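Novice: Here are the chains, one letter per residue:
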Amino acid sequence: MIASTVKSAALAGARDGLPFWVVVGPLSVLFGVLATEAGLTLTQTLAMTTLVIAGASQFAALQLMQDGAGFWLILAGALAVNLRMMMYSAALIPWLGPAPLWQRAVASFVMFDQPYALGVLRYEARPAEPVAAKIAYYLGVGLPMAVMWVALSMVGALVGARIPEGFALDFALPITFIALVAPMLKTLAHVAAAATSVVVALALRGMPAGTGLLIAAAAAMAVGATVETVRGRWA
Amino acid sequence: MSDAQIWALIGCMAVGTFLIRFSFLGLVGDRPLPGWLLRLLRYTPVAVIPAIVAPLVAFPAATGGETDPVRLAAAVAALAVGAWRRDVILAVGAGALMLYGGLWIMG
Chain A
1 MIASTVKSAA LAGARDGLPF WVVVGPLSVL FGVLATEAGL TLTQTLAMTT
51 LVIAGASQFA ALQLMQDGAG FWLILAGALA VNLRMMMYSA ALIPWLGPAP
101 LWQRAVASFV MFDQPYALGV LRYEARPAEP VAAKIAYYLG VGLPMAVMWV
151 ALSMVGALVG ARIPEGFALD FALPITFIAL VAPMLKTLAH VAAAATSVVV
201 ALALRGMPAG TGLLIAAAAA MAVGATVETV RGRWA
Chain B
1 MSDAQIWALI GCMAVGTFLI RFSFLGLVGD RPLPGWLLRL LRYTPVAVIP
51 AIVAPLVAFP AATGGETDPV RLAAAVAALA VGAWRRDVIL AVGAGALMLY
101 GGLWIMG
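Protein sequences, first through last, are from chains A and B.
Residues 1 to 235 (full-length UniProt numbering) make up the first sequence, in order.
Residues 1 to 107 (full-length UniProt numbering) make up the second sequence, in order.
Next comes chain A alone, as it looks inside the complex (with noise of 0.2 Å):
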């Protein structure tokens, strides 16, 4: 009984996470050519894809290599793109806390945006539902498209060394991660700390790079969360 339902939740998961690999796949195969094109190796190239599996921080680890970043502001900006999933690590436990110690691991290994919020949203219409039933729906998500990530990342990184110069990558990455960035100006407080954050690192632009992006980061969100402040307030 049991494993029966925890089977059909991990197929649930699976099904579910299907149509956001149109979104991540390309991604990944951008993220494989983009590497390559920055100096990458192979191997380096699979071990970043593979062992920090999170999209938008390799992007910004790429960029702040070729602006010729130090390596602590490399990290920090790196890292500073992952906290968000402070908040999805918090967000999860009434509903994944009761899981053994090596279950949450895993689930934090794949903590993407795409298993925590289709997670929460089936765990908060079926709360009823045994533990083990929703590490294995969010598992369902998030493993295959683990796997699909770092398959899809060497197919770029093979593609990436035959692409001849002149084809203007150099413009892929700003593209891309305005369009991570563009769907998520959802209200004032995200426009503004957007905002904060474009203006803030033109303006330090003559500061060795990486210093000023993390200044603006900084300033932004301190901006978005006072907007935030103001207008609950306000509300």
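Just so you know, these hints were derived from the structure itself, not from any lab.
Computed from a predicted model, the values in this text were never measured in an experiment.
Honestly, I wouldn't trust all of these hints.
[Said to hold, decoys possible] Simulated coverage check for chain B against chain A, where a stretch passes if three residues somewhere in it have a Cβ under 8 Å from a Cβ of chain A:
{"id": "1", "region": "10-20"}
{"id": "2", "region": "41-55"}
{"id": "3", "region": "69-78"}
{"id": "4", "region": "95-106"}
[What the hints assert, rightly or not] With the Cβ distance kept under 7 Å, some of the chain B side facing chain A (calculated, not the full set):
{"id": "5", "residue": "Q5"}
{"id": "6", "residue": "I6"}
{"id": "7", "residue": "F24"}
{"id": "8", "residue": "A62"}
{"id": "9", "residue": "G82"}
{"id": "10", "residue": "V92"}
The beta carbon of each residue, even a glycine, is placed where N, CA and C say it ideally should be.
Got chain A sorted already, so can you dock chain B onto it with the hints?
Specialist: Showing chain B alone in chain A's frame:
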């Protein structure tokens, strides 16, 4: 960057990212996040990514740091379509179309 530095970066990014993901689910446990922290975390992606992109769009390396109308138009297209349709792939498509179309027209 040297080979060793790249490997060190990959290792630190991997450990750091996992610790962020594992932070509450595995380490801190069931303790509510303070409201101010939650508010800051909500804005990390829209705070960090535009700061990376803005200088690349305004002063692209490919044109020697000169502002380039074609790349600027491509950025605006990606932003507008992404904000309007809330779809990453459509936004990339719009940006790419504008970029290659523009480069072709400008010859």
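Novice: Each hint: holds or not?
Specialist: Verification of the hints:
Residue count for the region 10-20 of chain B with a Cβ under 8 Å from a Cβ of chain A: 9. That meets the three needed, and the coverage hint holds. Coverage of a stretch by a chain is defined here by at least three residues with a beta carbon nearer than 8 Å to that chain's beta carbons; for the region 41-55 of chain B and chain A the count is 15, and the condition holds. Only when three residues or more bring their CB closer than 8 Å to a CB of chain A does the claim for the region 69-78 of chain B stand; here the count is 4, and the claim holds. As drawn, the region 95-106 of chain B meets chain A at 5 residues by the rule of a beta-carbon pair under 8 Å; at three or more, the given contact holds.
A distance limit of 7 Å between C-beta atoms decides the matter here; for Q5(B) the minimum to chain A is near 6 Å, and the interface restraint holds. The closest approach between the C-beta of I6(B) and any C-beta of chain A is roughly 6 Å, which is under the 7 Å cut-off, so the hint is satisfied. The interface hint given for F24(B) is met, as the beta carbon of that residue sits about 4 Å from the closest beta carbon of chain A, less than 7 Å. Taken as an interface hint, A62(B) checks out: its beta carbon lies about 4 Å from the nearest beta carbon of chain A, inside 7 Å.
A cut of 7 Å between beta carbons decides the hint on G82(B): the least distance to chain A is about 3 Å, and the hint holds. About 5 Å separates the beta-carbon of V92(B) from the nearest beta-carbon of chain A, less than 7 Å, and the hint is met.
Checked against the numbered hints given earlier, the structure satisfies every one of them.
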